[in-house]
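If you want the building blocks of each chain, they are given just below.
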Amino acid sequence: MQVQIAALLPQPRFGDQDEQVTLRLKELGFLPGNLLTVIGFGLMGRDPMAVQVNGTKFALRRAEASKILVEPVNV
Amino acid sequence: MNIQSDRIIRFALMGNPNCGKTSLFNRLTGARAKVANYPGVTVERRSGELPGLSRRAELVDLPGTYSLHVTSPDEAVARDVILGQMKGEPVPDVIIAVVDATNLRLGLRLVMELQILKRPMLLVLNQIDAAHNRGIRIDTARLSQALGLPVVDSVAVHRNGVKNLLEALQGFAGQPPAIQTSIPSDSLAREESVEALYTRIENLLAEFVVLPKSAPPWQDKLDAIVMHPLLGWLVLLTVLMLTFQAVFAWAAPLVDGIDSCVKSIGEFAGAHLPDGILNDFIVNGLIAGTGSVLVFLPQIIILFFFILVLEDTGYLPRAAFLLDRPMRGVGLSGRSFIPMLSSFACAVPGIMATRTIQDPRERFITIMTAPLMTCSARLPVYALIIAAFIPQRTVAGFLNLQGLTLFVLYVSGIASAALVAWLLRRRQAREEFPLLMELPNYRWPMPYHLFLGLRERTMIFLRRVGTIILALSVLLWFLASYPQAPAGATHAAIEYSFAGQLGLFMQPLFAPLGFNWQMCIALIPAMAAREVAVSALATVYAVGGDSVETALGPLLAQDWNLPVALAYLAWFVYAPQCLSTIAVVRRETNSVAATAFFTIYLFALAYLAAWLVYHLASLWL
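Here the protein sequences line up with chains A and B, keeping their order. Using the working numbering, the letters of the first sequence correspond one by one to residues 1 to 75. Using the working numbering, the letters of the second sequence correspond one by one to residues 1001 to 1621.
One or more hints might be untrue.
Said to hold, decoys possible - According to the in silico footprint, chain B covers these stretches of chain A (three or more CB under 8 Å from chain B): (1) 1-9; (2) 21-31; (3) 45-59.
No wet-lab data here; the hints were simulated from the structure. Backbone N, C-alpha and C fix where the C-beta goes; we use that ideal spot for every residue, glycine too.
All chains, full assembly: derive it from the sequences and hints.
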């Protein structure tokens, strides 16, 4: 499943560290406009999820995944 | 020649995790690596002499980092060393920035961040062969020009793959290194947004790099299997079963071999040395003590072989990913699973394996709880007591009561570990920091790298932990053998020794648990290894020779009652009855306070559990 990153949202669960998490996500390539592919899930449920962005695969837990707003790929 | 030109030159390897930095380090330094800890943290400092240059050179392998805006202690160490703010650590003269040539964007981003520091720097495009196989073509010369940095390519897995790199390093070593000063960390303020930086990278890539559309399909196909809801389980279970089986069963013949070797050496020495204290010290203290260190080696080597292979191939992070959910319930993550699993064989290699856990808090919790997994040394004690006290009976139609008891003992350990982990996590209530773990490309493991990794773990164990275990075993031998029984003694020799006296002295403390003095005495030599409790009980009950297994059980059944036996079992579920474990906790936490906490909490838990079991069983049974 391929989508496009639209924005990075705040996530109160990270408290003071939220800004740092946003920054780290961006540094790893989770930037608006980049394509994101969901490649799998952990055992038991849909959390964590594995995604590919900018050619690199990452594991994301629900909390950080919820910071990433995505939209259908522009045609 | 002035002093300046004699100065050693220091290179530091800096790069993303999984960029092949450590294999490059191994290739460059060969067998000369030294592993220590940075002061005050449990982050490893890996350094080694770099041969083949015209000046003496040291190479430091910094922990992998994605960014100078750090999120973990590992990354903080890498940043502080580069900035020159690590106490006792000289500023590196030259940064060797390592970038995985198959993952240029992520690597180049860090390189551009490092460029702000204006330190002498060199860019290495590692795994260039893999990049070529994928059809990636990089115009190194023009990229170098555009970045204003020397750029070389390397293949860490091949002997000749670092030729260009060595030539470039000689370029730095050929001239006297300038003095580097430390840089305050507030100078790291972002001059340029992440977006702008990535735009620059995209422009560089468009101009100097030919990038094929996608990664080789086999990588994605493999991931489709590994992360398949059903096949993923199968792969994971197979891998875990194999690892566990290897540590548990394959090590056994090697351990027995070491055991009998040590015994024959001891017998040989015993026969050729004059009788007396020296003979006793060498045979039963020194040689037996060395044996008690060496018996851990097969398990450690086998476990680390599996961990290194899983790590190098890229499966370990995926296993951690798959197991993240079940482990998170108690505040851990998938990373803790392999240390926990290995602890069923032995907690010593299990605790050493916690080095794969990045989060220090999680690593601490895993170290504290891993010894609650039922290790193989508990089995002889469990087997003896279960066989003596639990009747061979079928319950609920098909369950063997003895087997059920053993099962309950295993489950108690696991459930307690989960509870303790949960409590420790809660005590430090804080926001959870994201998992954000890279799932690196699959790769073939490199035998040379594996060999060096195994050798490194073995040496660390022998040097850091082995010496403590040896010293403690000799001390324990002394306590259990001296003073010797007087002539014409009527009781077992151990009763006259310090250990025996200590056991007798401790007995009132253990009386509320129903333990008699024989049980207390047996606890002391069992500090060497839990299974020694069986032979110690045989000694105090004066059961000799080969009849231990058949004669001791019935004797215990007469002397103890069922609640006492169950309380003794409960004690063994929790008590840190093994000095080797305590020694390895001391080494891995690098903290006396943590080791004291570990020892005290487990003894307290053991006492409480034994007391509860004794009283409840006395009431109900």
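Hints, verified against the model:
1. 1-9: violated (count 0)
2. 21-31: This one holds; 9 residues, not fewer than the three required, reach chain B with a Cβ under 8 Å.
3. 45-59: holds (count 10)
Checked against the numbered hints given earlier, the structure breaks only hint 1 and satisfies all the rest.
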